[in-house]
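Read top to bottom, the protein sequences are chains L and X. For what it's worth, this note's numbering labels the leading residue of the first sequence as 1, then goes sequentially. For what it's worth, this note's numbering labels the leading residue of the second sequence as 1, then goes sequentially.
Careful: at least some of the hints might be erroneous.
[Unchecked claim] In silico lysine-lysine, DSS-like type, Cα no more than 30 Å apart, as pairs:
| # | chain 1 | residue 1 | chain 2 | residue 2 |
| --- | --- | --- | --- | --- |
| 1 | X | LYS341 | X | LYS22 |
| 2 | X | LYS61 | L | LYS11 |
| 3 | L | LYS11 | L | LYS55 |
| 4 | L | LYS141 | X | LYS48 |
| 5 | L | LYS36 | X | LYS184 |
| 6 | X | LYS48 | L | LYS7 |
| 7 | L | LYS11 | X | LYS75 |
| 8 | L | LYS7 | L | LYS107 |
| 9 | X | LYS306 | L | LYS3 |
| 10 | L | LYS3 | L | LYS55 |
| 11 | L | LYS11 | X | LYS184 |
| 12 | L | LYS48 | L | LYS72 |
| 13 | L | LYS7 | X | LYS214 |
| 14 | X | LYS167 | X | LYS214 |
| 15 | L | LYS3 | X | LYS84 |
| 16 | X | LYS75 | X | LYS61 |
| 17 | X | LYS214 | X | LYS306 |
| 18 | L | LYS48 | X | LYS306 |
| 19 | L | LYS3 | X | LYS214 |
| 20 | X | LYS22 | X | LYS84 |
| 21 | L | LYS120 | L | LYS109 |
| 22 | X | LYS48 | L | LYS3 |
| 23 | X | LYS84 | L | LYS7 |
| 24 | L | LYS7 | X | LYS306 |
| 25 | L | LYS11 | X | LYS146 |
| 26 | X | LYS152 | X | LYS262 |
| 27 | X | LYS214 | L | LYS11 |
| 28 | L | LYS141 | L | LYS3 |
| 29 | X | LYS84 | X | LYS329 |
[To be verified] Between beta-carbon pairs, the in silico distance windows are:
| # | chain 1 | residue 1 | chain 2 | residue 2 | range |
| --- | --- | --- | --- | --- | --- |
| 30 | L | MET56 | X | GLU384 | 28 to 36 Å |
| 31 | X | GLU384 | L | LYS120 | 57 to 65 Å |
| 32 | X | ALA86 | L | ARG75 | 34 to 42 Å |
| 33 | L | GLU54 | X | GLU148 | 53 to 61 Å |
| 34 | X | PRO17 | L | ASP144 | 51 to 59 Å |
| 35 | X | ARG381 | L | LEU38 | 57 to 65 Å |
Simulated from the structure, these hints should not be mistaken for lab results. Source: prediction; values computed, not measured. In this text, a Cβ means the ideal position worked out from N, Cα and C, and glycines have one as well.
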Amino acid sequence: MRKQLLKLLNKNARVSLADLAVALGADEAAVADEIKALEAEGILRGYKAVIDWEKMDHSYVSAIIELKVTPKVGRGFEEIAERVAQYAEVESVYLMSGTYDLNVVVKAKTFQEVAMFVAKELSTIESVTSTATHFVLRRYKELDVSLAVREPDERGTISLC
Amino acid sequence: MLNYEQLLSQTIQDIKPSGIRKYFDIANTMQDVISLGVGEPDFFTPWKIRNAAIRTLEAGKTRYSSNSGLLELRKEIADYLERKYALSYHPEDEILITVGGSEAIDACIRVVTNPGDEIIIPQPSYVCYEPMARMAGGVPVILETKAENDFKVTPAELIEKITPRTKMLILPYPCNPTGAIMEKEDLIALEKVLHDTNILVVSDEIYAELTFGKSRHVSPASIPGMRERTIVINGFSKAFSMTGWRLGYACGPREILKQVTKLHQFAIMCAPTTSQYAAIEALRSCDEDVADMIAEYDMRRRVIVKGFNDIGLTCREPRGAFYAFPCIKSTGMTSEEFCEKLLYAKHVALVPGPAFGQGGEGFIRASYCYSVDHIHEAIRRTKEFLDELH
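So that you can see chain L by itself, here it is in the shape it has in the complex (with noise of 0.2 Å):
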């Protein structure tokens, strides 16, 4: 059950309880309990909306920003990076492969605001050795979700095939 749960609320995490139960083909007391288990051991970390804020007033700014860093030694990336994601600005940060060390997604209401912080925060930390600010110019898939304009369902009211 918990795989087949995950998945449905990796799909839709505001499914109620009781679709849930009827889905899984269990009661509605033992998936709470198995999403409380879930949440207690780490797993299950978050529920989050998938939102277009392009299409509310106050939007905000993204970037990608690449950082290259030199490792401490006997924690190696570790400590730098939980240390990026302390700060508010920061919405996610990963270890990559390839020609730099972590990836960073910065967010904030303006340009200047996203610039001004790489400048003045991340570059000034010490093992930090460059920077590479990307800015994100549009969204078109978000979390799975596609950002396209939708479209009407084509395949009308009724029919009998």
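Based on the hints, put chain X in the right spot on chain L.
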């Protein structure tokens, strides 16, 4: 001025259009309808398939294929039927690629029917069989399946319909609209009835991938003694969300397929080549996509069945296809009254059972080719409607 009535074929003119055309017209023009009325997947054709088709278009592979269809595709179909349903067909002369399953059914009926031959058609079922039988000069013999038998064809019902003129039995399972399936033991029992007859079975298995619960689809042709008397019809529309590609196939004994292919050659030439290339990709690399879609349908199926039962409309568990077939007899209305009033009062569109022939009265068809939220809203509105009746 032409006399069209005299001009047009009497056989064709005598075929009645669907009786609920009016209801359909209203439903299709009404705004903000919450519909559970469409029997077509809401998923897009998996991108891999679309992309494969685009690549063949770019490469200019847009000529006729052989009459039977691309051999490469027929080989893939043979493999697929073997691994999914333990069926064995020779790609060279026992598989024909057609324009949807519909063309295959039509052609099979035509190649066996002499004027006056009888074709047994279980109902409620998809609406094409009866007109096709008539257009071929045959006589449709309706076998009304019963809710208490889970809408299966029973041996006793079959025996009762067989006459010296019976040429064919249609087996429309998994069934639109009832969601019924025939299990292995049900088919073995029918084989016993058919054993010493000269009756051909046309098994419309277009929903074969969409079976739920413990036992998966069993093809009649896989039952000992049945292969020689069975044509298996299948296609890509439902399983792979490829309705508009119009691609299906027929498999069966070469003696019959030879005649079906001849008819297809003269009437159609060949199925659309682009669709055929797309279908090769579907069979080669989309098992996972299909599994995901089936898992989603299964969740919706459980939600919709529970939903109808919770609001007092008894709904058996559909074992296949993507339809629930709840009973509305408790309301005292006919199926058509129920659907029409519900449509006007709450803007919910469902299909009355009698649209699918005999045995449909007292039932409605609800498709679950819709999101869970959409299904909930339709059930909520239907509950309001029922509450207001009292």
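Verification of the hints:
A C-alpha spacing of about 13 Å is found between LYS341 of chain X and LYS22 of chain X, which places the hinted pair at or below 30 Å, so the restraint holds. Taking the CA atoms of LYS61 of chain X and LYS11 of chain L, the gap is near 38 Å; set against the 30 Å cutoff, the hint is violated. Restraint check for LYS11 of chain L and LYS55 of chain L: the C-alpha separation of about 23 Å stays at or below 30 Å, so the hint holds. About 18 Å separates the Cα atoms of LYS141 of chain L and LYS48 of chain X, which keeps this hinted pair within 30 Å; it holds.
Between the alpha carbons of LYS36 of chain L and LYS184 of chain X the distance comes to roughly 42 Å, so the proposed pair goes past 30 Å and is violated. Of the supplied pair hints, the one linking LYS48 of chain X and LYS7 of chain L holds, its CA atoms being roughly 22 Å apart against a limit of 30 Å. Pair hint LYS11 of chain L plus LYS75 of chain X does not hold up; C-alpha atoms about 36 Å apart against a cutoff of 30 Å. Simply put, LYS7 of chain L and LYS107 of chain L have alpha-carbon atoms about 28 Å apart, close enough for the 30 Å limit, and the pair holds.
For a cut-off of 30 Å, the pair hint linking LYS306 of chain X to LYS3 of chain L stands: about 23 Å separates their Cα positions. Our distance criterion of 30 Å between C-alpha atoms is broken by LYS3 of chain L and LYS55 of chain L, whose separation comes to about 34 Å. Between the alpha carbons of LYS11 of chain L and LYS184 of chain X the distance comes to roughly 35 Å, so the proposed pair goes past 30 Å and is violated. For the hint linking LYS48 of chain L to LYS72 of chain L, the alpha-carbon distance of about 33 Å lies beyond 30 Å, and the restraint is violated.
Our distance criterion of 30 Å between C-alpha atoms is met by LYS7 of chain L and LYS214 of chain X, whose separation comes to about 21 Å. A C-alpha spacing of about 34 Å is found between LYS167 of chain X and LYS214 of chain X, which places the hinted pair above 30 Å, so the restraint is violated. Of the supplied pair hints, the one linking LYS3 of chain L and LYS84 of chain X holds, its CA atoms being roughly 25 Å apart against a limit of 30 Å. Simply put, LYS75 of chain X and LYS61 of chain X have alpha-carbon atoms about 19 Å apart, close enough for the 30 Å limit, and the pair holds.
Our distance criterion of 30 Å between C-alpha atoms is met by LYS214 of chain X and LYS306 of chain X, whose separation comes to about 19 Å. Using a Cα cut-off of 30 Å, the hinted pair LYS48 of chain L and LYS306 of chain X holds, with the two alpha carbons roughly 28 Å apart. The hinted pair formed by LYS3 of chain L and LYS214 of chain X meets the criterion: a straight-line CA distance of about 19 Å does not exceed 30 Å. For the proposed pair LYS22 of chain X and LYS84 of chain X, the alpha carbon gap of about 41 Å is over 30 Å, so the pair is violated.
The hinted pair formed by LYS120 of chain L and LYS109 of chain L meets the criterion: a straight-line CA distance of about 16 Å does not exceed 30 Å. Simply put, LYS48 of chain X and LYS3 of chain L have alpha-carbon atoms about 25 Å apart, close enough for the 30 Å limit, and the pair holds. The hinted pair formed by LYS84 of chain X and LYS7 of chain L meets the criterion: a straight-line CA distance of about 25 Å does not exceed 30 Å. For the proposed pair LYS7 of chain L and LYS306 of chain X, the alpha carbon gap of about 22 Å is at most 30 Å, so the pair holds.
About 38 Å separates the Cα atoms of LYS11 of chain L and LYS146 of chain X, which puts this hinted pair outside 30 Å; it is violated. With a CA separation close to 33 Å, the supplied pair LYS152 of chain X and LYS262 of chain X exceeds the 30 Å bound. Among the hinted pairs, LYS214 of chain X with LYS11 of chain L is consistent with the structure: their alpha-carbon atoms are about 25 Å apart, no more than 30 Å. The suggested pairing of LYS141 of chain L with LYS3 of chain L holds, with an alpha-carbon distance near 24 Å, which does not exceed 30 Å.
Distance hint between LYS84 of chain X and LYS329 of chain X is unfulfilled; the C-alpha atoms sit about 38 Å from each other, more than 30 Å. About 34 Å separates the C-beta atoms of MET56 of chain L and GLU384 of chain X, a value consistent with the hinted range of 28 to 36 Å. At roughly 58 Å, the beta-carbon separation of GLU384 of chain X and LYS120 of chain L lies within the given 57 to 65 Å, and the hint holds. In this structure the supplied range 34 to 42 Å is violated for ALA86 of chain X paired with ARG75 of chain L, their Cβ-Cβ distance being about 58 Å.
The hint said 53 to 61 Å for the Cβ distance between GLU54 of chain L and GLU148 of chain X, and at roughly 57 Å that hint holds. A hinted range of 51 to 59 Å for the beta carbons of PRO17 of chain X and ASP144 of chain L is inconsistent with their spacing of about 44 Å. As the Cβ distance of ARG381 of chain X to LEU38 of chain L is approximately 34 Å, the hint placing it in 57 to 65 Å is violated.
Checked against the numbered hints listed earlier, the structure breaks hints 2, 5, 7, 10, 11, 12, 14, 20, 25, 26, 29, 32, 34 and 35; every other hint is satisfied.
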